[in-house]
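Enquirer: Same order as they appear, the protein sequences are chains R and X. First residue of the first sequence: 1, per the numbering used here; consecutive thereafter. First residue of the second sequence: 248, per the numbering used here; consecutive thereafter.
Quick caveat, the hints were computed from the structure, so don't treat them as lab data.
Simulated pairs of lysine-lysine, DSS-like, Cα-Cα distance not exceeding 30 Å:
id : chain 1 : residue 1 : chain 2 : residue 2
1  : X       : K368      : X       : K355
2  : R       : K226      : X       : K337
3  : X       : K253      : X       : K368
4  : X       : K337      : X       : K316
5  : R       : K179      : X       : K355
6  : R       : K96       : X       : K250
7  : X       : K355      : R       : K80
8  : R       : K96       : X       : K363
9  : R       : K179      : R       : K226
10 : X       : K316      : X       : K338
11 : X       : K338      : R       : K226
12 : R       : K80       : R       : K96
13 : R       : K96       : X       : K253
14 : X       : K363      : X       : K338
15 : R       : K151      : R       : K124
16 : X       : K355      : X       : K253
17 : R       : K96       : X       : K355
18 : X       : K337      : R       : K80
19 : X       : K338      : X       : K368
20 : X       : K355      : R       : K226
Under 7 Å between C-beta atoms, here's a sample of chain X residues computed to sit facing chain R:
id : residue
21 : R265
22 : Q310
23 : K337
24 : E339
25 : V354
Here a beta-carbon is modelled for each residue, glycine too, at the ideal position from N, C-alpha and C.
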Amino acid sequence: MNTLNTCNVSLEQANLLVGFLEAGQQEKADELVAEIQNPINTELFAEIGKLTRQLHDSLINFQLDSRISDLTTADIPDAKERLNYVITCTEEAANKTMDAVEAVFPVMDTIQQQIQTVNPPWSKLINNKLELSEFKSLCIDIDILLTNTDKQADNMRGLMTDVLMAQGFQDITGQVIRKVIDLVREVEDSLICMLTAFGISEDKTLERPRPTLGDNLIEGPIINTKGRDDVVENQDDVDDLLSSLGF
Amino acid sequence: MDKNMKVLVVDDFSTMRRIVKNLLRDLGFSNISEADDGSSALPMLQNGDFDFVVTDWNMPGMQGIDLLKAIRADANLAHIPVLLITAEAKKEQIVMAAQAGVNGYIVKPFTAGTLKNKLEKIFERLG
Numbered sequence: 001m002n003t004l005n006t007c008n009v010s011l012e013q014a015n016l017l018v019g020f021l022e023a024g025q026q027e028k029a030d031e032l033v034a035e036i037q038n039p040i041n042t043e044l045f046a047e048i049g050k051l052t053r054q055l056h057d058s059l060i061n062f063q064l065d066s067r068i069s070d071l072t073t074a075d076i077p078d079a080k081e082r083l084n085y086v087i088t089c090t091e092e093a094a095n096k097t098m099d100a101v102e103a104v105f106p107v108m109d110t111i112q113q114q115i116q117t118v119n120p121p122w123s124k125l126i127n128n129k130l131e132l133s134e135f136k137s138l139c140i141d142i143d144i145l146l147t148n149t150d151k152q153a154d155n156m157r158g159l160m161t162d163v164l165m166a167q168g169f170q171d172i173t174g175q176v177i178r179k180v181i182d183l184v185r186e187v188e189d190s191l192i193c194m195l196t197a198f199g200i201s202e203d204k205t206l207e208r209p210r211p212t213l214g215d216n217l218i219e220g221p222i223i224n225t226k227g228r229d230d231v232v233e234n235q236d237d238v239d240d241l242l243s244s245l246g247f
Numbered sequence: 248m249d250k251n252m253k254v255l256v257v258d259d260f261s262t263m264r265r266i267v268k269n270l271l272r273d274l275g276f277s278n279i280s281e282a283d284d285g286s287s288a289l290p291m292l293q294n295g296d297f298d299f300v301v302t303d304w305n306m307p308g309m310q311g312i313d314l315l316k317a318i319r320a321d322a323n324l325a326h327i328p329v330l331l332i333t334a335e336a337k338k339e340q341i342v343m344a345a346q347a348g349v350n351g352y353i354v355k356p357f358t359a360g361t362l363k364n365k366l367e368k369i370f371e372r373l374g
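Looking at chain R on its own, in the form it has when it is part of the complex (with noise of 0.2 Å):
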């Protein structure tokens, strides 16, 4: 712009035109003044004329750039699909393992229970102490325990493979989320672009802001406790700070 403020009045022109309006020439006097501003009208012309074809041309670009209608009327809600089928895929699986883990807990107690049963006798044979009565009974029991825990050494196997399978949904909500974290940087870099184009950079110096907190300073699980001093890192912190408030 300052090569607008270069087009000073000379005095010869000034000179000229005070002569010509002494004279009474008012039409030359006009003429005079609009050649002087002649070259600042022309530059500051080109200059609109400049900006506004750059308008017109991002304005077209913003327009034809359909890679950003398509990310917010297919990629998106697509995103949002997927990100429900993570949660129903882990949801699942977190069943799955429970709904084994639960069919082994009470395998466990009737073994337990059986070789409680079986342990006394066991012991009293051992130390020569058992009465014949006893000893059948025993074996009895000790059948019934070898029988069970044969059956439910299978069942286990079963149950533990259940668990294991159902571990498979990492691979599948691994892929998914990536591709969800391609998309945001995509959409990170067409809002970059499209600041960009209306002139707004990336101010540095600012502090990076936090994201939005709900209400009761909701934040959900912090990802990253590093460099931030108003979050716990874990259990002991916690304690501390309850016991420091007198709990």
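We have chain R; now place chain X onto it with these hints.
Expert: Leaving out everything else, chain X in the frame of chain R:
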């Protein structure tokens, strides 16, 4: 600690309720009910004779901290001990919970040992 006490587990994720229920069962508690947020938990508490509440903080509807405040504000419920199990880990929030009258605060992810330890402490303090 009376293992027959009536416990209410409040969490919007059914898997987390299931985990907590299993851990409590392993500790000998068998009288356990479930609710999926504060607004469904509160009427259950008002209509039932619950002895203990284990709740998450971040839930749609009524949050755990607001459930805690509601319990403390209700003369019939104010005596019920409340344990928060939450991923919310800001110091300000822990102070907020303490001021609201929480009996214990566990941050996720947590272990079975931590839950056992906190339960024992809560009931030891209550006598």
